[in-house]
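Build the full structure now, drawing on both the sequences and the hints.
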Amino acid sequence: AQRVTQPEKLLSVFKGAPVELKCNYSYSGSPELFWYVQYSRQRLQLLLRHISRESIKGFTADLNKGETSFHLKKPFAQEEDSAMYYCALMGSQGNLIFGKGTKLSVKP
Amino acid sequence: SQTIHQWPATLVQPVGSPLSLECTVEGTSNPNLYWYRQAAGRGLQLLFYSVGIGQISSEVPQNLSASRPQDRQFILSSKKLLLSDSGFYLCAWNSGQGRYGYTFGSGTRLTVV
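So the sequences go chain by chain: Z and E. Using the working numbering, read the first sequence as starting at 27 and increasing by one per residue. Using the working numbering, read the second sequence as starting at 3 and increasing by one per residue.
Bear in mind the hints are in silico, worked out from the structure with no lab data behind them. It is possible that some hints are incorrect.
As the list claims (entries may be wrong) - Simulated restraints on C-beta separations: (1) E:111 - Z:88: 33 to 39 Å; (2) Z:90 - E:32: 34 to 40 Å; (3) E:67 - Z:31: 28 to 34 Å; (4) Z:102 - E:65: 24 to 30 Å; (5) Z:119 - E:69: 38 to 44 Å; (6) Z:56 - E:61: 21 to 27 Å; (7) E:5 - Z:31: 17 to 23 Å; (8) E:19 - Z:56: 43 to 49 Å; (9) E:10 - Z:120: 36 to 42 Å; (10) E:72 - Z:69: 21 to 27 Å; (11) E:102 - Z:66: 23 to 29 Å; (12) E:97 - Z:102: 32 to 38 Å; (13) Z:69 - E:65: 31 to 37 Å; (14) E:82 - Z:66: 15 to 21 Å.
Said to hold, decoys possible - Away from chain E, derived, C-beta distances all over 10 Å, residues of chain Z: (15) 37; (16) 39; (17) 40; (18) 90; (19) 133.
Note that the structure is a prediction, hence the values are computed from the model and not measured. By construction, the Cβ of each residue, glycine as well, lies at the ideal position given by its N, Cα and C atoms.
Pasting the structure below:
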C-alpha cells in the first residue's frame with residue numbers, strides 16, 4: 027500500500043527551539059516526496075522536494091530509505107513558521123498522496 | 003507564468019441543492035488537473051483527477067462528480083448536496099512531471115446547511 031503517515035497532529039515549540047516534523051511513508055520503489063505548507067488564510071504551497079535536496083526558509087528534509095522517513099527539520103523555529111505542514115508522496119499513478127498534516131505552533 | 007484560479011472562495015448551500023465549483027489554469031496547456039477535499043484531521047483526500055479533456059478518474063465513491071469540458075477547465079459538481087459534503091475543496095495542477103509536485107488553487111470553503 028502507498029501511504030504517508032504524519033504521527034503528530036499538533037507540534038508546539040518555543041521560538042528559537044529546533045523543530046522536527048515527522049513523516050513516514052510506505053512505497054515500493056524509489057519514492058518522490060514533498061513537503062507542503064499552508065499558512066493561515068493562504069493557499070497550500072510547495073515547501074520543498076526531496077529530489078532537489080534544497081533548503082527553503084531554513085527547513086531541510088532528508089530521505090531515509092532505511093527508515094522510510096522524510097522528516098522536516100529546522101534548527102531554530104520562528105513565529106512565522108506557524109502553519110499546517112503536509113508530507114506527500116507521489117504515488118505510482120502519478121497522484122500525490124498526502125499525510126493528515128501536522129499543525130506547527132511556534133510560541134514567542 | 004502559470005496561474006490557477008478557483009471560485010467561489012466561500013459557499014453556503016442548503017442540503018439538496020446543486021453544486022458547481024470551477025477551476026481554471028492559465029499559462030500552460032494539457033495540464034493534469036486534480037480535485038482534493040481537505041478536512042480537519044483527515045488531511046487531503048484526492049477526489050478526481052484528469053489527464054485530458056473529457057478524461058476523469060474518480061478516486062472515491064461519493065455524491066460528487068467532475069468534468070473537464072476544456073483543456074484548462076475543471077469543474078466539480080453535485081446534483082444534490084449532503085451535509086457530509088461540507089469541507090474545503092482544492093483544485094491543483096501539474097504538467098505531468100511528477101517530480102515537480104502540484105500547484106494548488108486558493109480553495110473553496112463549502113458549508114452545507
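The hints, checked one at a time:
1. For the hinted restraint 33 to 39 Å between residue 111 of chain E and residue 88 of chain Z, the CB-CB distance of approximately 35 Å keeps it satisfied.
2. Look at residue 90 of chain Z against residue 32 of chain E: about 36 Å separates their beta carbons, and that is inside 34 to 40 Å.
3. For residue 67 of chain E paired with residue 31 of chain Z, a C-beta distance near 30 Å keeps the hint of 28 to 34 Å intact.
4. Between residue 102 of chain Z and residue 65 of chain E the beta carbons are some 46 Å apart, a value that contradicts the proposed interval 24 to 30 Å.
5. Checked against the given bound of 38 to 44 Å, the beta carbons of residue 119 of chain Z and residue 69 of chain E, roughly 20 Å apart, lie outside it.
6. Taken as a hint, the range 21 to 27 Å holds for the pair residue 56 of chain Z and residue 61 of chain E, whose Cβ atoms sit roughly 23 Å apart.
7. The given range of 17 to 23 Å is broken by residue 5 of chain E and residue 31 of chain Z, whose C-beta atoms sit roughly 33 Å from each other.
8. Between residue 19 of chain E and residue 56 of chain Z, the C-beta spacing of about 46 Å keeps the proposed range 43 to 49 Å intact.
9. Restraint check, residue 10 of chain E to residue 120 of chain Z: a C-beta distance of roughly 29 Å breaks the suggested window 36 to 42 Å.
10. For residue 72 of chain E and residue 69 of chain Z, the Cβ-Cβ distance of about 23 Å falls inside the hinted range of 21 to 27 Å, so the restraint holds.
11. Taken as a hint, the range 23 to 29 Å holds for the pair residue 102 of chain E and residue 66 of chain Z, whose Cβ atoms sit roughly 26 Å apart.
12. Take residue 97 of chain E and residue 102 of chain Z: their Cβ atoms lie about 35 Å apart, and the range 32 to 38 Å holds.
13. Checked against the given bound of 31 to 37 Å, the beta carbons of residue 69 of chain Z and residue 65 of chain E, roughly 25 Å apart, lie outside it.
14. A hinted range of 15 to 21 Å is violated for the C-beta pair residue 82 of chain E and residue 66 of chain Z, which are about 33 Å apart.
15. With a least CB separation of 15 Å from chain E, residue 37 of chain Z remains clear of the 10 Å interface cut-off, as annotated.
16. No beta-carbon of chain E comes within 10 Å of the beta-carbon of residue 39 of chain Z; the shortest separation is about 21 Å.
17. Against the 10 Å criterion, residue 40 of chain Z stays outside the reach of chain E, whose nearest CB is about 25 Å from its own CB.
18. No Cβ of chain E comes within 10 Å of the Cβ of residue 90 of chain Z; the nearest lies about 19 Å off, and the non-interface call holds.
19. Annotated as non-interface, residue 133 of chain Z keeps its C-beta farther than 10 Å from every C-beta of chain E; the closest such distance is 22 Å.
The structure shown violates the earlier hints numbered 4, 5, 7, 9, 13, 14.
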